[in-house]
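Kindly produce the complete structure, drawing on both the sequences and the hints.
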Amino acid sequence: MSTRWSLAVRELGIPVRAVFACILHPGKDAQGRPSLLASMGQMAGGLLVLDINLEKGGCVQYECADRKAFEPVASYRSARDGVLYMGACYTGTFHRYVPGSNTIEDIGHVDPELATFPCRIDEAPDGSLFVGAYPGCCLSRYEPATGQWTRYGRMDETDMYFYPLCSADGTVAGLVKMCKPHVVALDPKTRTHRTVGPVIETQERSGSIDLYKGKDGLLYIRSSEGDFRVQGLEAVKVAALPEPMPPRNTMSDGATVEFADRSTSDFRKVRLTPPKGKGPPRILSLDWQGAGTDIFLIHHGPDGRLYGSSILPERLFSCRPDGSDMIDHGQCSVSSGEAYSMANLDGKLYIASYPGARLSVYDPKEPYKFGTDPGSNPRDVGAADPVACRPRAMLAGPAGKVWIGAVPDYGMWGGTLSAYDPQTGTFTSHRHLVKNCSVVALAWLPKRERILVGTTVEAGTGTQPRADKCAFVWWDPRRDQADGIETFGIHDLRGIMDIVRVDDRYVYAVVERLAAESPSSALVPTAELVLIDLDERRVSDRSRFGGEFGWPLEVALRKGPDGAWYGATKISVYRITPGTAQRTILWRCGMEEHDQHVSVGGPVIGRTYYFASAHRLRAIEIPEDI
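First residue of the sequence shown: 7, per this note's numbering; consecutive thereafter.
Any given hint could turn out to be false.
Said to hold, decoys possible - Simulated crosslink set (DSS-like; lysine-lysine; CA at most 30 Å straight-line):
1. K34 <-> K243
2. K34 <-> K282
3. K275 <-> K243
4. K371 <-> K34
5. K475 <-> K453
6. K221 <-> K282
7. K243 <-> K221
8. K565 <-> K371
Said to hold, decoys possible - What follows is a set of in silico ranges between Cβ atoms, one per label pair, in the way DEER data are often shown:
9. Q487 <-> D509: 43 to 53 Å
10. R511 <-> H335: 38 to 48 Å
11. K275 <-> G223: 57 to 67 Å
12. I491 <-> Q154: 54 to 64 Å
13. D293 <-> A246: 24 to 34 Å
14. M597 <-> D175: 44 to 54 Å
15. S269 <-> P373: 18 to 28 Å
Note that these hints are calculated values from the structure, not bench results.
Cβ atoms here follow ideal geometry from the backbone N, Cα and C, with glycine treated the same way.
Here it is in structure tokens:
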């Protein structure tokens with residue numbers, strides 16, 4: 007493999023500057039005056055706290071010094087002293103903002119061994135704070151008066167998420183998610199914990215369970231198997247459930263607050279509604295400044311423009327190929343997470359989004375007006391099934407349909423292959439093409455009239471794989487059914503990250519499999535580029551990723567102007583020598599140059615390869631003498 011280092015990167019701009027995980031926190035400041043804070047996340051900087059002016063609107067903005075602590079996934083404002091507490095992902099750190107202090111403090115790690123994603127914070131009657139976290143399904147206690155942490159460890163040995171609540175009677179319990187949702191109660195003094203109430207199987211989709219705090223301050227389980235009050239380490243069956251505790255959105259004078267633009271993920275307007283008879287609602291405008299939102303997908307649209315999606319929140323953006331006329335169009339899906347895949351068909355752009363694998367249709371020739379009703383543009387036309395969550399692959403055209411491959415919902419196994427018919431507006435969906443595997447790559451072979459489907463052992467978030475191996479699947483789009491399963495002689499396949507058609511005999515695929523570095527070493531995850539001869543059902547050439555190339559990015563292979571294919575890893579952009587699986591590095595950054603890392607591989611337009619580094623849209627020019 008050869009290396010070419012001299013290519014310059016062109017910066018095209020920051021398409022989206024949005025915020026997410028936004029919560030309003032009414033309370034009082036140190037002087038006892040009404041106070042309204044907001045906690046917000048942003049990808050390109052540390053998490054934010056806004057101190058909102060209740061009279062005029064606007065805000066004073068404070069940013070966490072640790073830029074890696076960018077999302078306050080769990081937040082809680084104490085009614086005792088007005089202090090705002092936040093748990094940040096993916097650092098797993100705990101932060102505090104004291105009104106008037108002008109700073110966000112880092113007050114420790116929720117659990118250094120088990121926590122990267124705090125799930126929920128709640129306050130006990132004695133003022134201590136209980137924090138549950140992922141991936142260790144763990145629970146910790148923080149005492150503000152002393153700054154002391156008590157870490158109770160795992161609340162479940164299999165599941166990964168824990169959402170605690172504290173009762174007025176001193177009971178501490180939490181909801182375990184995602185595979186087998188159930189409630190675990192803890193005795194903080196003895197550290198004893200145990201399951202109370204029913205256990206639900208997410209995979210079966212036949213039951214439900216929730217833990218909530220009632221208006222009486224006690225904890226209750228609402229489930230398909232019955233209703234209970236959690237008391238100490240017991241679940242006591244009850245005939246009727248009380249109303250839940252009102253949401254924490256009421257100011258000290260009785261006025262309620264909410265983001266008036268939450269549905270569009272703008273978070274620029276707060277609606278303040280006085281108590282009945284005390285006047286009309288008021289809108290407070292916020293003037294926060296965002297550093298940038300990470301790009302999740304880049305696509306060459308049907309009108310020649312570059313399109314893309316930001317992640318959390320999902321906002322559709324576009325620009326000309328030279329980066330000019332960059333537009334943040336805003337909401338394009340009910341999902342609001344991020345667009346995982348896009349495709350063009352009949353002059354329209356199809357967008358599949360997380361969560362729920364919902365499909366939207368956008369016509370660039372018409373004015374932009376998002377909605378779900380006929381006439382909206384883009385229009386969210388819904389989801390194919392209740393299982394799909396992350397729509398990793400899309401293919402438009404075969405049988406006149408739009409095909410979507412997806413990973414299943416949280417706590418589930420077995421992803422789906424679905425098809426949308428634009429003529430009828432209907433979906434079909436198929437699950438378990440390979441048992442307990444998900445669909446993540448699609449390629450159309452027109453002369454064979456078949457879709458080559460790539461799968462992975464990966465299941466829904468919060469699970470461990472049940473399948474040992476995955477495979478390729480031949481799919482007949484006209485009959486909408488499988489036509490065979492194939493490995494092409496590739497052993498111990500764990501994932502097929504990308505498939506592209508070279509011609510009707512050859513395809514390239516990026517695969518993950520278990521392989522040994524030497525005959526005596528253990529099997530470890532390995533990524534390879536393979537050139538597959540479909541006629542002979544074998545790999546005709548292969549090359550391993552790693553070392554100076556880095557780990558390959560998903561869905562990053564794109565055809566270039568010279569007939570060669572181009573791709574990207576975390577630290578490089580490469581060219582594949584036609585007829586082989588051998589690669590030449592066109593551009594590379596160092597592993598330690600984090601701000602230069604490639605996060606998303608994009609299309610090739612003319613001689614330009616587009617990619618993203620976090621929130622920045624970038625490009626390199628492919629040399630003519632390559």
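Checked hints:
Proposed proximity of K34 and K243 is contradicted: the alpha carbons are some 38 Å apart, above 30 Å. A hinted pair counts as satisfied when its Cα atoms are at most 30 Å apart, and K34 with K282 qualifies at roughly 22 Å. For the suggested pair K275 and K243, the alpha carbons sit about 43 Å apart, so the restraint of at most 30 Å is broken. Straight-line distance between C-alpha atoms of K371 and K34 comes to about 51 Å, which puts the hinted pair past the 30 Å bound.
Taking the CA atoms of K475 and K453, the gap is about 29 Å. The hint holds against a cut of 30 Å. Under the criterion of a C-alpha separation no larger than 30 Å, the hint pairing K221 with K282 is consistent with the structure, at around 21 Å. With a C-alpha separation of about 18 Å, the suggested pairing of K243 with K221 holds against the 30 Å cut-off. At roughly 26 Å between alpha-carbon atoms, K565 and K371 fall within 30 Å of each other, so this suggested pair holds.
A beta carbon spacing of about 25 Å between Q487 and D509 contradicts the range 43 to 53 Å that was offered as a hint. At roughly 40 Å, the beta-carbon separation of R511 and H335 lies within the given 38 to 48 Å, and the hint holds. Between K275 and G223 the CB atoms are about 33 Å apart, so this pair departs from the stated range of 57 to 67 Å. For the pair I491 and Q154, the supplied restraint of 54 to 64 Å holds, since their beta-carbon distance comes to about 56 Å.
A hinted range of 24 to 34 Å for the beta carbons of D293 and A246 is inconsistent with their spacing of about 47 Å. Distance hint for M597 and D175: a CB-CB separation of about 53 Å, consistent with the stated range 44 to 54 Å. Evaluation of the 18 to 28 Å hint for S269 and P373 yields a pass: the beta carbon distance comes to about 20 Å.
Of the numbered hints listed earlier, those contradicted by the structure are 1, 3, 4, 9, 11, 13.
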